[in-house]
Amino acid sequence: MATLSPSKRLDEVLGKDKQNDVSDWIGDAIYGVNDGLGAIFGIIAGVAGYTSNSHTILISGLFGALASTLSMGAGAWLATKSENELMDTTLSRARKSIETERARELETLSLIYQAKGFNETDAEYIAQTIAKDDNMFLRTIAQEKHGLHESAKGNPWSSAMSGSISTFVGAIVPLIPFFFISGRLALVLAAIVSILAHFVVGALKSLVTVRSWWSSGLEMTMAGIIVGVVSYALGLLGNVLLG
Numbered sequence: 538m539a540t541l542s543p544s545k546r547l548d549e550v551l552g553k554d555k556q557n558d559v560s561d562w563i564g565d566a567i568y569g570v571n572d573g574l575g576a577i578f579g580i581i582a583g584v585a586g587y588t589s590n591s592h593t594i595l596i597s598g599l600f601g602a603l604a605s606t607l608s609m610g611a612g613a614w615l616a617t618k619s620e621n622e623l624m625d626t627t628l629s630r631a632r633k634s635i636e637t638e639r640a641r642e643l644e645t646l647s648l649i650y651q652a653k654g655f656n657e658t659d660a661e662y663i664a665q666t667i668a669k670d671d672n673m674f675l676r677t678i679a680q681e682k683h684g685l686h687e688s689a690k691g692n693p694w695s696s697a698m699s700g701s702i703s704t705f706v707g708a709i710v711p712l713i714p715f716f717f718i719s720g721r722l723a724l725v726l727a728a729i730v731s732i733l734a735h736f737v738v739g740a741l742k743s744l745v746t747v748r749s750w751w752s753s754g755l756e757m758t759m760a761g762i763i764v765g766v767v768s769y770a771l772g773l774l775g776n777v778l779l780g
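In terms of the working numbering, the sequence shown opens at residue 538 and continues consecutively.
Because the hints were derived from the structure by calculation, they are not lab data. Among these hints, one or two may not hold up.
To be verified - The list that follows gives simulated cross-link-like pairs (lysine-lysine, BS3-like), each with its CA atoms no further than 25 Å apart:
#1 LYS690 <-> LYS633
#2 LYS682 <-> LYS669
#3 LYS618 <-> LYS669
#4 LYS682 <-> LYS618
#5 LYS653 <-> LYS669
#6 LYS618 <-> LYS653
#7 LYS618 <-> LYS633
#8 LYS653 <-> LYS682
#9 LYS618 <-> LYS690
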């Protein structure tokens, strides 16, 4: 069996790690669901405080869900694209710096390794060895000096899609009862469904945090209750002032 080169072996190891490490994706999905859920629950609670018309509440919630979904998708797309552009700009500056001030960048790399614990001789040897390959020198400077890594680049369209879908999933939950029933019962069921959903989303956050599932769930539940109560109270106040 042929022995893989160190670089290919490293790519293989890192590739397996990436397949196993899905915390970033889970975290983005959870926060997207949470944003949609909290925003639309607040909207229907506020509108319900202003009017008892179930059709108005449903339509307001649907347009709110649409707006939240589009906003989250656009925001995710712009954020990822901006991060990629920032990385490209930084890499371009690092490349130019290597071309114009190679000795300075070489010294910088050596000092970085000395700060990590290597003695001066070993650090200079490592830096000189890396600098023999211009591409490797650029990638190393980008990572060690600027904290950038090309693998960290995201796909704007993928980010937009995942952000939109997760937000829509969360946004549609509070509206489910209004598709089947109307009146005060629909509002009560929407509140119950939303509060339970807040707890579930909060509990799922424990997958990407160090907190216990019940603590995280209760925290999210309390946040949902506060949003609902405050929004409903503001709706009632709006009814009094404008109704």
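Outcome of the hint check:
1. LYS690 <-> LYS633: Cα-Cα ~21 Å, so holds.
2. LYS682 <-> LYS669: holds, 18 Å
3. LYS618 <-> LYS669: Outside the cut-off at roughly 32 Å; violated.
4. LYS682 <-> LYS618: holds, 22 Å
5. LYS653 <-> LYS669: Holds, because 21 Å separates the two Cα atoms, which is no more than 25 Å.
6. LYS618 <-> LYS653: violated, 33 Å
7. LYS618 <-> LYS633: holds, 23 Å
8. LYS653 <-> LYS682: Holds, at about 13 Å.
9. LYS618 <-> LYS690: Holds, at about 9 Å.
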